[in-house]
Amino acid sequence: MTEQKSLSGKIALVTGASKGIGAATAKALGAAGAHVILTARDVRGLEEVEDAIHDAGSSSTIAPVDLTETDGVARLASAVAGRWDALDILVISAAYLPHLTPVTQIDQKQFNQALTINVLATQALLANFDPLLKRAEAGRVIGLTSSVGATPRAFWSAYGSSKAAFDNLLDSYAQEVEKVGNIRVAIVDPGATRTQMRAKAYPGEDPKTVKSPDEVAERLVELLGEDFETRHRERVG
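Take the sequence shown: its letter number 134 is residue 134 in the UniProt record's numbering, and every next letter is one higher.
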């Protein structure tokens, strides 16, 4: 008899799925039985993740999108709604890290990109996928945050302020849909993880000294299998 996978039959969408934690989470969701919609700008990266998912005997769909495009998320949601009746899982992993600088030297173009991807796109994702999440038997949203969103740190203000807004959006949404009953929202800080973003922020760090994205992905899939309370927050590791 074939072992029943924990997320069999679920439809999951992962942003930032072409690399890092997003890619690892997409693979882990596929291994748990979900059909994974992979979205990011990097088509080649998405294809590599899709190949890995299919090679493991799981299923996925590539949906490239640039979150900085004004109607990018709306078009994505329309395409998903045209194929599936509901969305069970939304994992918001995509993020942009500007250069680390003093507040007085923030690059306005980079700051704008951080606000667009980390904040505006998050609001667009929640707004456009809310109807599909509400149609799911148990809609789940997980947003990946950073400790600098809750605790300001020198030189991290551009990224930290965008993540503070990110957290606020997710928590507010969680409160707004709490009485709906079927949607629950979790905010997860992956902590120090071996990603390109981490290497950009800590160029002298030995990547072997921090955990792999697979460890974070494993915890996220475990969390999705739990009956967690909405507005749940945790740090991995």
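Simulated from the structure, these hints should not be mistaken for laboratory data. Hints may contain errors.
[As the list claims (entries may be wrong)] The calculated EDC-like cross-link candidates involving lysine to aspartate or glutamate, where the alpha carbons are at most 16 Å apart (straight line), are: (1) K179 <-> E222; (2) K19 <-> D51; (3) K179 <-> E215; (4) K134 <-> E205; (5) K134 <-> D85; (6) K19 <-> D42; (7) K5 <-> E222.
If you're wondering where the values come from, they're calculated on a predicted model, not measured in any experiment.
For each hint, the structure was consulted:
Taken as a hint, the K179 and E222 pair is broken in the structure, with Cα atoms around 24 Å apart against an allowance of 16 Å. Among the hinted pairs, K19 with D51 is consistent with the structure: their alpha-carbon atoms are about 13 Å apart, no more than 16 Å. In summary, the hint linking K179 to E215 is not supported, as the alpha carbons are separated by about 32 Å, beyond the 16 Å threshold. In summary, the hint linking K134 to E205 is not supported, as the alpha carbons are separated by about 43 Å, beyond the 16 Å threshold.
Proximity of K134 to D85 is assessed by CA-CA distance (about 10 Å); at most 16 Å being required, the pair is judged to hold. Of the supplied pair hints, the one linking K19 and D42 holds, its CA atoms being roughly 9 Å apart against a limit of 16 Å. A threshold of 16 Å between alpha carbons decides the hint, and for K5 with E222 the separation of about 12 Å falls inside it, so the pair holds.
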